[in-house]
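Residue numbers (the numbering used here), protein chains in the order written: chain A, 1 to 346; chain B, 1 to 346.
Here are the simulated BS3-like cross-link-like pairs (lysine-lysine), alpha carbons at most 30 Å apart as the crow flies:
(1) B/K183 with B/K214
(2) A/K260 with B/K260
(3) A/K260 with A/K214
(4) A/K226 with B/K226
(5) B/K343 with B/K127
(6) A/K338 with B/K260
(7) A/K260 with B/K226
(8) A/K69 with A/K127
(9) B/K330 with B/K260
(10) B/K226 with A/K338
(11) A/K127 with A/K330
(12) A/K208 with A/K330
(13) B/K260 with B/K183
(14) A/K260 with B/K338
(15) B/K338 with A/K226
(16) B/K260 with A/K226
Simulated DEER-style distance windows between Cβ atoms:
(17) A/P335 with B/D149: 34 to 40 Å
(18) B/D70 with A/E150: 57 to 63 Å
(19) B/D80 with A/M229: 37 to 43 Å
(20) A/P335 with B/T84: 54 to 60 Å
(21) A/G228 with B/T291: 21 to 27 Å
(22) B/T291 with A/R20: 22 to 28 Å
(23) B/V131 with A/G228: 43 to 49 Å
In short, the hints are calculated from the structure, not lab data.
For clarity, every value in this text was computed on a predicted model and none was experimentally measured.
All residues carry an ideal CB built from backbone N, CA and C; glycine is no exception.
2 protein chains.
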Amino acid sequence: MTDHIQFSPEKDCLVLLDQRYLPNREDWFDVITTDDVCYALVTMVVRGAPAIGVTAAYGCYLAGREVQKDGAADWKAELDAKLTQIHDARPTAVNLRWAVREMRRIWAEAGDVSLEALLAIWLIRAKEIHVGDIEMCELIGTFGGPLIDEGDTVMTHCNAGALATAGYGTALGVIRGAVDQGKKIQVIANETRPFLQGARLTAYELHKDGIPVKVACDNACALLMKQGMVQKVVVGADRITANGDAVNKIGTYGVALLAKHFGIPFYVAAPLYTIDLETACGDDVPIEDRTPREVTHIGDHQITPDGVEVYNLAFDPTPNELIAGIVTEKGVIYPPYKENIAKMFE
Amino acid sequence: MTDHIQFSPEKDCLVLLDQRYLPNREDWFDVITTDDVCYALVTMVVRGAPAIGVTAAYGCYLAGREVQKDGAADWKAELDAKLTQIHDARPTAVNLRWAVREMRRIWAEAGDVSLEALLAIWLIRAKEIHVGDIEMCELIGTFGGPLIDEGDTVMTHCNAGALATAGYGTALGVIRGAVDQGKKIQVIANETRPFLQGARLTAYELHKDGIPVKVACDNACALLMKQGMVQKVVVGADRITANGDAVNKIGTYGVALLAKHFGIPFYVAAPLYTIDLETACGDDVPIEDRTPREVTHIGDHQITPDGVEVYNLAFDPTPNELIAGIVTEKGVIYPPYKENIAKMFE
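Chain A extracted, bound-state conformation (with noise of 0.2 Å):
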């Protein structure tokens, strides 16, 4: 797949594939400016938690960039203000808050400099973060990959693929990782309401890749499993908690549930830095309440009567009791999780 995340060096810019409009239109869009970074996360242009810190990692350097076109006096409080932006531009995902404090502490390290020279040292990192991103993504497929047997059907909710990392993925880099080490599967992608990520971008980048893929509605996810139609689940996590709880996409919670009831495992796939050490349980972490539009429309399709309200967060926390392994660029991590978490990061 082509990498939807680019950095242009002509343009000095940040080129991004909009997945908005996914997966009938390909549109690329130009990130320059802070107001630009901002608009591309909360409008979902890009999304998926390791996407989204790589993101603002260069989204860092393109708002000093921009403070540097300005020119005003005190460049470090704009630049503060502007990484502030960015931080808060997604309540749940940790990735976000990750890049951002990571380009403050190198700011700090580098003492007094420049902000030329800041400039220099921050879009050298985010490259490490871009390139490092997909390196640990194939690691995550390596140590998953085994965890997934010959002739399985894997289902997956969101998109916890290519396209919401730098590249290949996280729960997809686990697929990917199974088939790369020769194993015939297939995987049923919930479609994943409101914003239909299963639907319109893990079937794309599956499909494209050659990887067979069904979409199902989120609804029939409990007849499939009786059915016995999915050997097992493997999904993102957008934080996980220092108790192994994962906080992911909308609906992941009753997929693990139902998982539970018919005896399917049912794993995470997540770089370490998704995991939160600083907050205790699922329960504490910020669950982002997004615009009605997603659930009310479907392109310009109105599908709600006018004047109803509807519910639209995007996030649920998954309880670790639930999770059987989660798979790391480190190796896969089981219960307890508390301990083999903490230990993880001795």
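Please arrange chain B on chain A, whose structure you already have, making use of the hints.
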């Protein structure tokens, strides 16, 4: 609400509110021929098990009128074929089969009548079924209302409302019953992919009646239940088998499993003739496999990539052990269902 199923004596045809275009367009659809009847059933101009039954009853009359106009020598053979065509239009809801069988029974009992006479008898019977359906729904409300407590938020899936019956509704009949009994309650309508009966129809008719309703994506179910936002679940049924399993819109089974997990009572509301004593259990009911386009497109908007297959099974069976009670026009049936259903038919 306006009666959405109307027989027009002037036009000598059935006039249906076209549910495909709700909530945002109120079109009416004239049903004149047998092909019209089947088209309206298959494409879901009209849907909902009891409404399908009423439509099929009028449909038999319209088939007879068509045969009369054709002036075929062997009108009996021609009519017989048309009744079979209506009978087979959709496989899951028992009400369709029931209505056609009822018309056949009347025909057999009438003996060697003229087609003209048979049509007169059939039209009277169709109108009885039509009016009787509303009365049954009101009784379901009378018996079901007391199951709902003051202040409850009731979740419902799909549309088992006025639009799924001749009026008042089954699941929404229980809700209307509670409201008529003076309780202040509110409703969460699961949007119910793929056909969005919850978002489009349940929200439309409750909002029109001033009953507080919010729409949630099907994916939000587990989180809403966990947050204590749901006190009861009430759904309809397309067929209830002799053991009390309830076959209903795809996704119902998942909602029932989640309700069980969270200790939320899950009720099914349906007229007694929805109970199919000839079928032992839910797994024996044929599940309709509908056109992929309902999943791949919303309106004219394509959401899946070209070339990717989808699942579109339209119903799932909910096992009796997940059901707290079955609300009928003769009272609430409680477990053990096999025994208590049999008693109800004595």
